[in-house]
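**Student:** Going down the list, the sequences are from chains A and B. Counted from 1, the first sequence has number 388 at position 382 by the working numbering; the numbering is strictly sequential. Counted from 1, the second sequence has number 393 at position 387 by the working numbering; the numbering is strictly sequential.
The hints are simulated quantities; they were obtained by calculation from the structure and are not laboratory data. There may be inaccurate statements among the hints.
Because identical chains cannot be distinguished in the list, a pair is counted as satisfied if it fits within a single copy or across any two copies.
Unchecked claim - Straight-line distance between alpha carbons at most 27 Å, and here's what the computed DSS-like set of lysine-lysine pairs gives: (1) Lys466 <-> Lys485; (2) Lys270 <-> Lys70; (3) Lys70 <-> Lys466; (4) Lys156 <-> Lys289; (5) Lys466 <-> Lys156; (6) Lys270 <-> Lys289; (7) Lys70 <-> Lys156; (8) Lys70 <-> Lys485; (9) Lys289 <-> Lys70; (10) Lys466 <-> Lys270.
Number of protein chains: 2
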Amino acid sequence: MNGADSLLATLTGNGLDVCFANPGTSEMHFLAAIDRAPGLRAVLTLFEGVATGAADGYWRMADKPATTLLHLGPGFANGMANLHNARRAGSGIVNVVGDHANAHLQYDAPLTSDLMGMARTLSHWVHRSDSSGAIAQDAANAIAHARARKAAIATLVLPGDVAWGPASGGVAAEPLADDVELDEDALESAAQALLGGEPTLLVLADRALREGPLELAGRIAAHTGCVVGAQFFSARIERGAGRVAVSRIPYAVDPAVEFLARFKHLVTIETGEPVAFFSYPDKPSLLKAPGARVHAICPRGGDGRAALERLCERVGARASRAVVQGRGERASVRGALTPQSISEALRVAMPENCVLVDESLTTGRETYALTAAAAPHDTIQNMGGSIGFSPPVSVGAAVACPDRKVICLVGDGSSMYTIQALWTQAREGLDVTTVVFANRRYQILNNEAANMQAGNLGPKALALTSIDRPALDFVSLAKGMGVPGRRVDTAEGFAAALDAAMAAQGPKLIEVVL
Amino acid sequence: MNGADSLLATLTGNGLDVCFANPGTSEMHFLAAIDRAPGLRAVLTLFEGVATGAADGYWRMADKPATTLLHLGPGFANGMANLHNARRAGSGIVNVVGDHANAHLQYDAPLTSDLMGMARTLSHWVHRSDSSGAIAQDAANAIAHARARKAAIATLVLPGDVAWGPASGGVAAEPLADDVELDEDALESAAQALLGGEPTLLVLADRALREGPLELAGRIAAHTGCVVGAQFFSARIERGAGRVAVSRIPYAVDPAVEFLARFKHLVTIETGEPVAFFSYPDKPSLLKAPGARVHAICPRGGDGRAALERLCERVGARASRAVVQGRGERASVRGALTPQSISEALRVAMPENCVLVDESLTTGRETYALTAAAAPHDTIQNMGGSIGFSPPVSVGAAVACPDRKVICLVGDGSSMYTIQALWTQAREGLDVTTVVFANRRYQILNNEAANMQAGNLGPKALALTSIDRPALDFVSLAKGMGVPGRRVDTAEGFAAALDAAMAAQGPKLIEVVL
Numbered sequence: 007m008n009g010a011d012s013l014l015a016t017l018t019g020n021g022l023d024v025c026f027a028n029p030g031t032s033e034m035h036f037l038a039a040i041d042r043a044p045g046l047r048a049v050l051t052l053f054e055g056v057a058t059g060a061a062d063g064y065w066r067m068a069d070k071p072a073t074t075l076l077h078l079g080p081g082f083a084n085g086m087a088n089l090h091n092a093r094r095a096g097s098g099i100v101n102v103v104g105d106h107a108n109a110h111l112q113y114d115a116p117l118t119s120d121l122m123g124m125a126r127t128l129s130h131w132v133h134r135s136d137s138s139g140a141i142a143q144d145a146a147n148a149i150a151h152a153r154a155r156k157a158a159i160a161t162l163v164l165p166g167d168v169a170w171g172p173a174s175g176g177v178a179a180e181p182l183a184d185d186v187e188l189d190e191d192a193l194e195s196a197a198q199a200l201l202g203g204e205p206t207l208l209v210l211a212d213r214a215l216r217e218g219p220l221e222l223a224g225r226i227a228a229h230t231g232c233v234v235g236a237q238f239f240s241a242r243i244e245r246g247a248g249r250v251a252v253s254r255i256p257y258a259v260d261p262a263v264e265f266l267a268r269f270k271h272l273v274t275i276e277t278g279e280p281v282a283f284f285s286y287p288d289k290p291s292l293l294k295a296p297g298a299r300v301h302a303i304c305p306r307g308g309d310g311r312a313a314l315e316r317l318c319e320r321v322g323a324r325a326s327r328a329v330v331q332g333r334g335e336r337a338s339v340r341g342a343l344t345p346q347s348i349s350e351a352l353r354v355a356m357p358e359n360c361v362l363v364d365e366s367l368t369t370g371r372e373t374y375a376l377t378a379a380a381a382p383h384d385t386i387q388n389m390g391g392s393i394g395f396s397p398p399v400s401v402g403a404a405v406a407c408p409d410r411k412v413i414c415l416v417g418d419g420s421s422m423y424t425i426q427a428l429w430t431q432a433r434e435g436l437d438v439t440t441v442v443f444a445n446r447r448y449q450i451l452n453n454e455a456a457n458m459q460a461g462n463l464g465p466k467a468l469a470l471t472s473i474d475r476p477a478l479d480f481v482s483l484a485k486g487m488g489v490p491g492r493r494v495d496t497a498e499g500f501a502a503a504l505d506a507a508m509a510a511q512g513p514k515l516i517e518v519v520l
Numbered sequence: 007m008n009g010a011d012s013l014l015a016t017l018t019g020n021g022l023d024v025c026f027a028n029p030g031t032s033e034m035h036f037l038a039a040i041d042r043a044p045g046l047r048a049v050l051t052l053f054e055g056v057a058t059g060a061a062d063g064y065w066r067m068a069d070k071p072a073t074t075l076l077h078l079g080p081g082f083a084n085g086m087a088n089l090h091n092a093r094r095a096g097s098g099i100v101n102v103v104g105d106h107a108n109a110h111l112q113y114d115a116p117l118t119s120d121l122m123g124m125a126r127t128l129s130h131w132v133h134r135s136d137s138s139g140a141i142a143q144d145a146a147n148a149i150a151h152a153r154a155r156k157a158a159i160a161t162l163v164l165p166g167d168v169a170w171g172p173a174s175g176g177v178a179a180e181p182l183a184d185d186v187e188l189d190e191d192a193l194e195s196a197a198q199a200l201l202g203g204e205p206t207l208l209v210l211a212d213r214a215l216r217e218g219p220l221e222l223a224g225r226i227a228a229h230t231g232c233v234v235g236a237q238f239f240s241a242r243i244e245r246g247a248g249r250v251a252v253s254r255i256p257y258a259v260d261p262a263v264e265f266l267a268r269f270k271h272l273v274t275i276e277t278g279e280p281v282a283f284f285s286y287p288d289k290p291s292l293l294k295a296p297g298a299r300v301h302a303i304c305p306r307g308g309d310g311r312a313a314l315e316r317l318c319e320r321v322g323a324r325a326s327r328a329v330v331q332g333r334g335e336r337a338s339v340r341g342a343l344t345p346q347s348i349s350e351a352l353r354v355a356m357p358e359n360c361v362l363v364d365e366s367l368t369t370g371r372e373t374y375a376l377t378a379a380a381a382p383h384d385t386i387q388n389m390g391g392s393i394g395f396s397p398p399v400s401v402g403a404a405v406a407c408p409d410r411k412v413i414c415l416v417g418d419g420s421s422m423y424t425i426q427a428l429w430t431q432a433r434e435g436l437d438v439t440t441v442v443f444a445n446r447r448y449q450i451l452n453n454e455a456a457n458m459q460a461g462n463l464g465p466k467a468l469a470l471t472s473i474d475r476p477a478l479d480f481v482s483l484a485k486g487m488g489v490p491g492r493r494v495d496t497a498e499g500f501a502a503a504l505d506a507a508m509a510a511q512g513p514k515l516i517e518v519v520l
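If we strip away everything but chain A, and leave its shape as in the complex, we get:
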């Protein structure tokens, strides 16, 4: 048994049975070991950003970490943007990054770089293993951090000689102590505000947005009149008919300020108070109403369900009945493609238990509200703002949930950062329907130029926000990667394409030309 075998035994022995891989020469011993490791599913990607995004999506739906396999500093670098998104979502991931043998580093060979420096910028835990005898324990430590309640991006650097040197078996990962505590004072002050009937918004995030905790929040709302809300972006929300609806704080500063104006209290659970996504001249960074009070009961990484249970008990809402979302009516969708007709087509087509991975920054901005009455489903959003998110995350969600339909919403601009995800979807036969909203521009930039008070954009600047010359042909791109695609330009065409996609298995792409 060599170090690579011992690492793999530790991964699979601790239940980490999926690896999103983009290997290189320095990972050859790891590769060779895979055929000796029963139970590891290795999923090949053509670009590291697909691997890290897939690991993020896998975490969100499986509630356990996947492994990535990356190649030295540049391979890690290519995965960093989606690691940023994963970190912001609180996802746990174990990155295994191959590197030169320790004795070779001093010669500064071409692929040598400041891998540890790169890894530290986005990982909560980083370790360069220094012997083949130690790699199993090192991997167990990485796993412990990645799957803790306060989940970590854990990056384990695997030098060549550590992979090929002698080792013994796997090591069991010891659970880390859960050291995130509720703030008792904030809990009491929040309860007082709620009991006093003050206008209050519960701002929930992460695992507090699952069905069970939401039901508790719904009881508190029914009992006290508060509103159940979330940040504009959430890691995963269990929503739809029969579940407690969650109001979304708007993205743009002015509507967000307007939405928050009426709340004198914000009770935050697994998140902080709402802040502006960007900084703008003469607009605030903090969005709450002047004088509003923030009751930070439970920080990120804390136990939001426990916080809601305590709050429910304290305000006497245990026996209240949460108001849940009704089911929308079956409707036929016709006419022009608008944000409304697109959302309506989605609402009607979305099957029960589907996973909606939503990175439709402008076209889909109204989708959230307008799909509230869809069948029960999960929505996954981009917490980090680095675009090129939803196609890779859909890969991971589909691997985690092979029996659920995954619908990936993405803008044409965003999709092109990680379009290589389509190939992995085809290779693995993943049941992902990718909907590309092709407005042929970075529409969000046109919107934001006004918010930024940057003045009128001239022709050169507008050309930099426009991707219409040439128009991307997503049906050809999909075909090039083995995914069948179709193009629609009416609401009924979109509805029909969605229905067909939901009725069949396997990856498909729908280009929605706006």
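Given chain A, work out where chain B should sit, using these hints.
**Tutor:** Relative to chain A, chain B alone:
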């Protein structure tokens, strides 16, 4: 005038007139300023790795820096792999990275990350500008470092408030002192070895591989019997008929050791002694013969031409006549596609003054030797080993040299890291012919598994080195991005496709199915 105007005035005032851009919200003032800045050409890319690779290619052919425009930490991260390659090649680049306004950073908004930490891992010079009044001087400093003889990756972080705050005009960049000196002792010992007729290899790199310095090396070789050589990868070589031929040290360790065995002396100019690309069990990291002596006349970033002039003078070769490469014969190429027939078709088709950007790791490994007798041309290679190099670098080379044909050689695996470059080629009408060698596997990994002594790869491992399921269809991928493509599977088909591409203007793609 705001900070963005002042930054742009500094860039264009110092002759930096090309910007490879992938902007976001925080760069809106920079965008708006472009229409007020005469002479800046802004080239949009769909992925940051294309922007940074293009800046690398631009430097190599224009001998001056381009600017990139990137969006916060994740945007920089996406550009890092090709910045690594650029850094290894000694290319100068000015990265402008937009960031949140200084006052907004404390709120840890979603796109906040350790941008400075990321930038430091790959930049020689990093600065976060702290006021709109200072940005012009900050940019002048960045430019000075990027265009120094020892060229820098210079990264300038532009916070929102620095872009939108008041400022005055541009600032001229002061040249940096050239502080890299020749090693006089090494020069003398090298001369003694050469004059003594000892078996000696000149190992040249970077600007020592241009026609003029090479001619000096050729005179030294003619006079002393030494061999003119280069590392396996070089930033740019001016080569072909009528120029001094350069022997390439082989990539794999065993052939490299064999090649170097006969040399008792290595004279290194703008590079170090040859080292193995990767570390392997039981193979050496240093490749020179036992007991061979290294005469390090001129380090990276030094004046290789001056070193060769001094050496030429010292050994009395001034009046010698360099042996130059003859012109190969016109030949018709037929039969199966092999590395030989592919190289021969290239040799015949390559027009005078073309730029060959070579990232064909396995299929094209013999291309270098077999195209030595092509018409005079430049070859650009990947110095950093991070794949996904040649399509973006070809963008920059074509922008720098609009009157020259650019031929981009790339493997199917490598191409998919930055395939988005095709769209920018179409958008800008760049005269790039992309040749994709589709062997439908990461062939280099199959080769390297044996070198790594990783044992036989089982079916799961082999699946991770294979990209045949589904086969990528590059003609469809190119069509999707507006580039006309064709597929060939014979040598004559390849030759005909190359001829057609050389006879027309604009981007094309040839998929060579192996």
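**Student:** Are the hints correct? Go through all of them and say.
**Tutor:** Hint-by-hint comparison with the structure:
In the homo-oligomer, the alpha carbons of Lys466 and Lys485 lie at most 27 Å apart only across protomers (26 Å), although the nearest pairing inside one protomer, at 33 Å, exceeds that limit. Taking the shortest Cα distances, Lys270 and Lys70 never come within 27 Å of each other, neither inside one copy (37 Å) nor across copies (57 Å). In this assembly of identical chains, Lys70 and Lys466 lie within 27 Å of each other by CA distance solely across copies; the values are 23 Å between and 47 Å within a copy. In this assembly of identical chains, Lys156 and Lys289 lie within 27 Å of each other by CA distance neither inside one copy nor across copies; the values are 33 Å within and 43 Å between.
In this homomeric assembly, Lys466 and Lys156 never come within 27 Å of each other (Cα to Cα): the closest approach is 46 Å inside a single copy and 33 Å across copies. With identical chains, the CA atoms of Lys270 and Lys289 are at most 27 Å apart within one copy only, with a shortest distance of 20 Å there and 69 Å across copies. For the homomeric pair Lys70 and Lys156, the shortest alpha-carbon distance inside one copy (12 Å) is at most 27 Å, but the shortest distance between copies (47 Å) is not. Taking the closest pair of Cα atoms, Lys70 and Lys485 never come within 27 Å of each other, the shortest separation being 33 Å inside a single copy and 40 Å across copies.
For a Cα distance limit of 27 Å, the shortest separation of Lys289 from Lys70 qualifies neither inside one copy, at 39 Å, nor across copies, at 40 Å. Proximity of Lys466 to Lys270 under the C-alpha cut-off of 27 Å is found in neither arrangement, the shortest distances being 45 Å within a copy and 58 Å between copies.
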